[in-house]
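Q: Chain by chain, the residues:
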Amino acid sequence: MSKPYQTETYEEEDDTKEYINLFSLGGETNLSTQRIYIINFTVGTDAYDNDPQTNTGKFTNVNKTSSMNYSNGIITINKSGIYRLTFRGLFFIIHTKAPLFFVKKNGITIAEIAIHVTRNNDITGQLLESFMFLSPIFNINSGDNVRIDVSIENDVGYIVNQNVFLQEL
Amino acid sequence: MGLPFKESLGTDIVAKQFSSIQLTQNIFNSSNQTTPFVIGTGQVLSGFQSGVFVVINENASLYNNNGGFIIRKKGIYKVEFSLRMKDSLDNPVLVIKKNNIDFSAIVLACFGGVIVGTTTVSMTFTALSNIVECNIGDVITFEAVIKSSTSSIEGDPTIPMSYINIIEI
Numbered sequence: 001m002s003k004p005y006q007t008e009t010y011e012e013e014d015d016t017k018e019y020i021n022l023f024s025l026g027g028e029t030n031l032s033t034q035r036i037y038i039i040n041f042t043v044g045t046d047a048y049d050n051d052p053q054t055n056t057g058k059f060t061n062v063n064k065t066s067s068m069n070y071s072n073g074i075i076t077i078n079k080s081g082i083y084r085l086t087f088r089g090l091f092f093i094i095h096t097k098a099p100l101f102f103v104k105k106n107g108i109t110i111a112e113i114a115i116h117v118t119r120n121n122d123i124t125g126q127l128l129e130s131f132m133f134l135s136p137i138f139n140i141n142s143g144d145n146v147r148i149d150v151s152i153e154n155d156v157g158y159i160v161n162q163n164v165f166l167q168e169l
Numbered sequence: 001m002g003l004p005f006k007e008s009l010g011t012d013i014v015a016k017q018f019s020s021i022q023l024t025q026n027i028f029n030s031s032n033q034t035t036p037f038v039i040g041t042g043q044v045l046s047g048f049q050s051g052v053f054v055v056i057n058e059n060a061s062l063y064n065n066n067g068g069f070i071i072r073k074k075g076i077y078k079v080e081f082s083l084r085m086k087d088s089l090d091n092p093v094l095v096i097k098k099n100n101i102d103f104s105a106i107v108l109a110c111f112g113g114v115i116v117g118t119t120t121v122s123m124t125f126t127a128l129s130n131i132v133e134c135n136i137g138d139v140i141t142f143e144a145v146i147k148s149s150t151s152s153i154e155g156d157p158t159i160p161m162s163y164i165n166i167i168e169i
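Protein chains in written order, with this note's numbering: chain A, 1 to 169; chain B, 1 to 169.
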């Protein structure tokens, strides 16, 4: 039998695109506080490890390419390029106020996002809803870092199953 | 038989096209009239503002200040919206057009509830457009249907709270 032949040619794909995929799965790694005043911190940081009232949404799963590093809420990128960040999560909706998220590059805010959800039940009767947000497209130089800061208080509710996906476009 | 020729702009544009623009002024219409208007044209009248966008990142000059993207490379594109909506009245509509013909429509929403630390009923609305095939010279514009009873769209020159990405995929 003859071999199949190729009728079209394609430009070779750039297979060196970088990404990092951070997950927090389950209630133990939620993002919440019982404090009645606003606190600001980096999602996933260990700065509140000794605070029983606050969970920073630590990432339990980190998948990444070779140019990406992650530590204590900070993503460091060692390849210049064009990137965009996507955040996904689930909201336990026992709140009235929207948390504020800040996507920061080298400490400078490149996106400010306020999350509200409907507060309706899911089909099991739980006040639960998924949400997502996107950053603008931004340049990265080798050595830059990216993090997500958040402002929350006790009236903001619980966020679980956080997923941060930073990809080179 | 001659060799197949490669479509060319005259200059070689190989990289994927993208642009991010940030809204620097609020978009609102205090009138009860629902006449659609193109956002980002800088038009200001009593009780009306179409908003202004500035380019925050792009790899080719795609955005012009009449509120539209001019496509510089044939391809398939999508548009991403991250818009800070204010107040929770009726939902405005955003129609996305190619060469003045609709290819996508998004109903923007703002659920009731303030942002933590503020008394402002406001939230970020994230949405993606339909996918659209574009040729060189095609123009993508955004037409809003906003009136006095619908939420307005918030923009700020220094805080990146509302932005639009267009990306070749």
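Read the hints as simulated data drawn from the structure, not as lab findings. Small disclaimer: the values here were computed from a predicted structure and weren't measured. C-beta atoms are modelled at their ideal positions from N, C-alpha and C, and glycine is treated no differently. Misleading hints may appear alongside valid ones.
To be verified - Chain B is nowhere near these chain A residues, computed Cβ spacing over 12 Å in every case:
{"id": "1", "residue": "Ser-151"}
{"id": "2", "residue": "Asn-161"}
{"id": "3", "residue": "Asn-163"}
Said to hold, decoys possible - With a straight-line cut-off of 30 Å between C-alpha atoms, the simulated DSSO-like cross-links for lysine-lysine are:
{"id": "4", "chain 1": "B", "residue 1": "Lys-74", "chain 2": "A", "residue 2": "Lys-17"}
{"id": "5", "chain 1": "A", "residue 1": "Lys-17", "chain 2": "A", "residue 2": "Lys-58"}
{"id": "6", "chain 1": "A", "residue 1": "Lys-17", "chain 2": "B", "residue 2": "Lys-78"}
{"id": "7", "chain 1": "A", "residue 1": "Lys-79", "chain 2": "B", "residue 2": "Lys-98"}
{"id": "8", "chain 1": "A", "residue 1": "Lys-17", "chain 2": "B", "residue 2": "Lys-86"}
{"id": "9", "chain 1": "B", "residue 1": "Lys-78", "chain 2": "B", "residue 2": "Lys-147"}
{"id": "10", "chain 1": "A", "residue 1": "Lys-64", "chain 2": "B", "residue 2": "Lys-16"}
{"id": "11", "chain 1": "B", "residue 1": "Lys-86", "chain 2": "A", "residue 2": "Lys-79"}
{"id": "12", "chain 1": "A", "residue 1": "Lys-64", "chain 2": "A", "residue 2": "Lys-17"}
{"id": "13", "chain 1": "B", "residue 1": "Lys-78", "chain 2": "A", "residue 2": "Lys-79"}
{"id": "14", "chain 1": "B", "residue 1": "Lys-16", "chain 2": "A", "residue 2": "Lys-17"}
{"id": "15", "chain 1": "B", "residue 1": "Lys-73", "chain 2": "A", "residue 2": "Lys-79"}
{"id": "16", "chain 1": "A", "residue 1": "Lys-17", "chain 2": "B", "residue 2": "Lys-73"}
{"id": "17", "chain 1": "B", "residue 1": "Lys-147", "chain 2": "A", "residue 2": "Lys-104"}
{"id": "18", "chain 1": "B", "residue 1": "Lys-147", "chain 2": "A", "residue 2": "Lys-79"}
{"id": "19", "chain 1": "A", "residue 1": "Lys-64", "chain 2": "B", "residue 2": "Lys-86"}
Q: Confirm or reject each hint.
A: Do the hints match the structure? See the list:
At roughly 6 Å from the closest C-beta of chain B, the C-beta of Ser-151/A falls inside 12 Å, breaking its exclusion from the interface. For Asn-161/A, the non-interface assignment is confirmed: its Cβ lies about 17 Å from the closest Cβ of chain B, beyond the 12 Å cut-off. With a minimum CB-CB distance of about 14 Å to chain B, Asn-163/A clears the 12 Å threshold, and the non-interface call stands. Distance check on the hinted pair: Lys-74/B and Lys-17/A sit about 22 Å apart at the alpha-carbon level, within 30 Å; holds.
Between Lys-17/A and Lys-58/A the alpha-carbon distance is near 25 Å, which keeps this suggested pair within the 30 Å criterion. The suggested pairing of Lys-17/A with Lys-78/B holds, with an alpha-carbon distance near 20 Å, which does not exceed 30 Å. For the hint pairing Lys-79/A with Lys-98/B, the CA-to-CA distance comes to about 35 Å; that exceeds 30 Å, so the pair is violated. Restraint check for Lys-17/A and Lys-86/B: not satisfied, since their Cα atoms lie roughly 37 Å apart, outside the 30 Å limit.
For the hint pairing Lys-78/B with Lys-147/B, the CA-to-CA distance comes to about 27 Å; that is within 30 Å, so the pair holds. For a cut-off of 30 Å, the pair hint linking Lys-64/A to Lys-16/B stands: about 23 Å separates their Cα positions. Taken as a hint, the Lys-86/B and Lys-79/A pair is broken in the structure, with Cα atoms around 38 Å apart against an allowance of 30 Å. Simply put, Lys-64/A and Lys-17/A have alpha-carbon atoms about 11 Å apart, close enough for the 30 Å limit, and the pair holds.
Taking the CA atoms of Lys-78/B and Lys-79/A, the gap is about 25 Å. The hint holds against a cut of 30 Å. With a C-alpha separation of about 13 Å, the suggested pairing of Lys-16/B with Lys-17/A holds against the 30 Å cut-off. The hinted pair formed by Lys-73/B and Lys-79/A meets the criterion: a straight-line CA distance of about 26 Å does not exceed 30 Å. At most 30 Å may separate the alpha-carbon atoms for a hinted pair to count; Lys-17/A and Lys-73/B meet this at roughly 22 Å.
A distance of roughly 34 Å separates the Cα atoms of Lys-147/B and Lys-104/A; the hinted pair therefore is violated under the 30 Å criterion. Proximity of Lys-147/B to Lys-79/A is assessed by CA-CA distance (about 46 Å); at most 30 Å being required, the pair is judged violated. The hinted pair formed by Lys-64/A and Lys-86/B fails the criterion: a straight-line CA distance of about 37 Å is larger than 30 Å.
Violation of the numbered hints given earlier is confined to hints 1, 7, 8, 11, 17, 18 and 19; the remaining hints are satisfied by the structure.
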